[in-house]
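Asks: Each chain, letter by letter, is given below.
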Amino acid sequence: MLKVTIDGQTIEVPEGTTILQAARMLGPDVAPPTMCYYSKLETSGGYCRTCIVKVTKGSEKDPRPMPKPVASCRTIVMDGMEVQNQTSPELLEARKGVVEFLLANHPLDCPICDQAGECHLQDLSFEHGIESTRYEFERRTFKKIDLGPYIQLHMTRCILCYRCVKVADQLTPQRYHGVLNRGDVAEISTYIEKAIDNDFSGNVIDVCPVGALTDKTFRFKSRVWFTKPSDAHRNCDKCSGKVTLWYKGDDVLRVTGRKNEFGEVDEFICNTCRFEKKRTSDWQIEGPSKVDRKSVISANHYSGNTVIPDFAFRVAENNKKIDDSPKGSNLLAMKN
Amino acid sequence: MQLTSRAKRVSNKKLSLGERLYLPAIVGGLGITIKHFFRKKVTINYPEEQRPMSSVYRGLHVLKRDEEGRERCTACGLCAVACPAEAISMVAAERKPGEEHLYREEKYAAVYEINMLRCIFCGLCEEACPKSAIYLQSDKLAPSFFDRSDVIYGKDRLVQSMETIKTAKSLKSGLTTSDRYVDKVFKDGKY
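For the protein sequence lines, the chains are Z and C, in the order given. Following this note's numbering, the numbering of the first sequence begins with 1 at its first residue and continues without gaps. Following this note's numbering, the numbering of the second sequence begins with 337 at its first residue and continues without gaps.
A hint or two may mislead.
Stated by the list, open to error - Okay, the calculated bits of chain C under chain Z, using three or more residues with CB under 8 Å as the criterion:
id, segment
1, 405–414
2, 423–430
3, 436–446
What the hints contain is simulated information worked out from the structure, not anything from laboratory work. Everything numeric in this text was worked out from a predicted model, so none of it was measured. Just so you know, even glycine gets a beta-carbon here, dropped at the ideal spot from N, CA and C.
Same shape as in the complex, but just chain Z:
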């Protein structure tokens, strides 16, 4: 086991763990944000530089700091390593620059984009970015490409994280889309505009950190913050069948995989579950999904899925003065 300290918190991790994985073990407050790394997809990460961290002490044997910020998703932990993430102002400044690069060609059409409200790039630029853009040139634009009846591709919004390519490589028997060209003109495209019509292709929607790949059946139906997520499952012969249903009133507008606190789906779901089962009677409802209180999805929902904040429970716990131990009850009896 190797000892690593991230933002002052020490944890022991097995050999071969990356800094990012170690930080995620400590919790979402410590973990650096990621745009391209996806723990369920092999070889993902290393493209976006969002997860950079500052290594102030290389290891116990060689305590020299690393000369520049390193991508935590691709850097293996050494014994005695010390890492700064949120605690380093220079690092936050560097990450601000990364966000600016990611946004350089991003159209910022959030009012139209269906991903708004659950977009990782939106969250990232809200937390780390600058308020305005310094980019003066014409932004990169692409022609619309038809990806079949279920998936909408907006190449203009793409940040080239390669997650969708890896989904197609690792989840489906063959892929029809990939990244064409290089550099500034690189784009995600289907080869010869072939529809990706295998059973798990819909997962590219869930893994896309921005609104480049969205659900065509949900297109412009509702903003995500007007829908209420509920966990549900069904018996599916192709996938686990564990999903989140997004309700507006009594209608299921959208079905997605269940996402954890890092925005990654727990289990990939099949296209039948995602696109064709949109009636409540198709599902067994488990209850409302937990939504982060900071998320816009929990805004304005005055009933139902409002999550009581942790501190309320803690205050209630501290104020609990009733001693119901046998000794306490005896004292009470004596008083009476």
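Using the hints provided, position chain C relative to the given structure of chain Z.
Replies: Leaving out everything else, chain C in the frame of chain Z:
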């Protein structure tokens, strides 16, 4: 027993001769009344006369069009989520080819409703709007209602009329200060 510290002792002192005469007090009172005859009136004859409104007054909503008459609203839902009274609701639709002269963006509000009974005219929708589409006009008040069906304002009553766009002068007159600011920003090309 003293029940409260604010109790006052009442004096039962006899009135003086001047006070007992009453007449000086009556004359004094009448004087005050007569003085008000010659003062400036505090009221106006409302429907005929109207007071000047503050340029930052938050009156009836309007959904603006741009210079070419296209609707600015893209149904992003930020006004509805900002609305503390939950008065705004909308249904979005995709712009079809050939409708580019009607709607500014790819998506538009097919239905946009404000419940004027719920609305508290706080202006948060105006502040939330990223497209400068919704404004609370400073020179128009929401009328009183006599029927519940009148209360929900749809797009037919909210969208700015085309006549106000054609004449530049009337465009300015119907705008709030924040709108003028936006216009200035648009002209300066900072947006």
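Asks: Please go over all the hints and tell whether each is borne out by the structure.
Replies: Hints, verified against the model:
no. : hint    : result
1   : 405–414 : holds (count 5)
2   : 423–430 : holds (count 3)
3   : 436–446 : holds (count 3)
Checked against the numbered hints above, the structure breaks none of them.
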